[in-house]
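Using the sequences and the hints, build the whole thing.
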Amino acid sequence: MNTTAQKNELIFGYTSGNLGEAKSLFTSMYLFLNSIAAKKASIFDNILAQNLSELEGVGLKKLKYTDCIKNDGSEKQISSLPKNPLSRIIGDLNHIDWKTVYKGFNEFKIPVNDNDSVKLIKMDPGTSVPLHSHNGKEFILVLDGSFYDEYGEYNKGDMQINDQQIKHNPTACKSNGCVCLSITENDVVFFGKFGSALNLFTFIKSFFK
Amino acid sequence: MENAKIIDLIKKISEERNEIAFSEIFDFIAPKINAYYLQNNLSVEQAEELTQEVLSTIWLKAELFDPKKSKFITWSFTIARNKKIDFYRKNQKNVANEEDIRDFLYTENQSDDYEIESIIKDITKDLDENQKKLIKMSFFEQKSHKNISRELEIPLGTVKSRIRASLIKMQKHI
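Here the protein sequences come in this chain order: E and V. Numbering-wise (the working numbering), the first sequence opens with residue 85 and increments by one. Numbering-wise (the working numbering), the second sequence opens with residue -17 and increments by one.
For the record, the hints were derived by calculation from the structure and aren't laboratory data. Careful: at least some of the hints might be erroneous.
Covered by chain E, per the in silico footprint, the following chain V stretches (three or more residues, Cβ under 8 Å) [stated by the list, open to error]: (1) 9 to 21; (2) 37 to 47; (3) 101 to 115.
To be clear about the criterion: a stretch of chain V counts as covered by chain E if any three or more of its residues have a C-beta under 8 Å from a C-beta of chain E, and this derived list gives those stretches [as the list claims (entries may be wrong)]: (4) -6 to 6; (5) 57 to 70; (6) 118 to 132.
All C-beta atoms, glycine included, are put in the ideal place defined by N, C-alpha and C.
Structure (structure tokens):
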């Protein structure tokens, strides 16, 4: 699976403004933490802006430049906002009301108006998730700490994209655990000894969403 | 308009709040932004309303424009696109303020437009006219693959595969 192409697709979607709220927030965090991704985004911004520069203007019917001059001091607001795109939505990242799913594994659902759900996941050092795959795509971005699975190690600013073909067993690193931002397009499917119980659990949980 | 001239005008706006300088910037960019919104299928009224918001932002936030980091046209494009996203979100009672996020990314972005200029040149050289047109229709005008297929009278599958091929071509450079 070519995940580079999928990551670029997210960035392209973001710069052209056609992502839903969940993926848009997710991608903005990716650009915030990953300077290579941010660079790609500015390349695409510039390419799209070339279209604007070549565009033949259409005269304004009513609007005059004087209508656009406002001096209400609102330009000062921007500097007081936190830099982190996620903090701007949910506030201080150190004071999150985590819900424990099982020992060592906590999550927090971020309120967005979208079909995709986006949540924060916090795994205590050494915690692992039982072997599972995904009905739809899952996007994981490491915000802090790191985790590893069958496919490699993922550190702050790294993104992993999983789909139906991928079965994995992620484990948070032993020293400082892992905080991730995750988007799931559909439910997770578990395998192994407790697989059927976990699948039943997510099935029941889906009624209370 | 020449780049040096634009930079001078923006400087006058941010430092002196010079309204004459702003009127020149308005005459240069407002009709283009208006055209962009009309291409994106907004009504004449909506397009003017959003153009007003973009130009107000340019007036208010002129000091955030850093000519060493970015081209004015790219800065204006990102503002215009963000206003469009906000416009659509407003109808859905959004909770996330996208504009602020993007403002931040724009101002704090570690890379600058001039550093990547050669990459952009390579990409534009590498794409043929048809590919450029498809990128423009799909990502700039936000037309669906279905509408592009109808407008250009080529099969939907061909539209999809050509766009994918163009993206792959672009990826080789980045």
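Are any of the numbered hints broken by this structure? If so, which, sorted upward? Failing hints: none at all.
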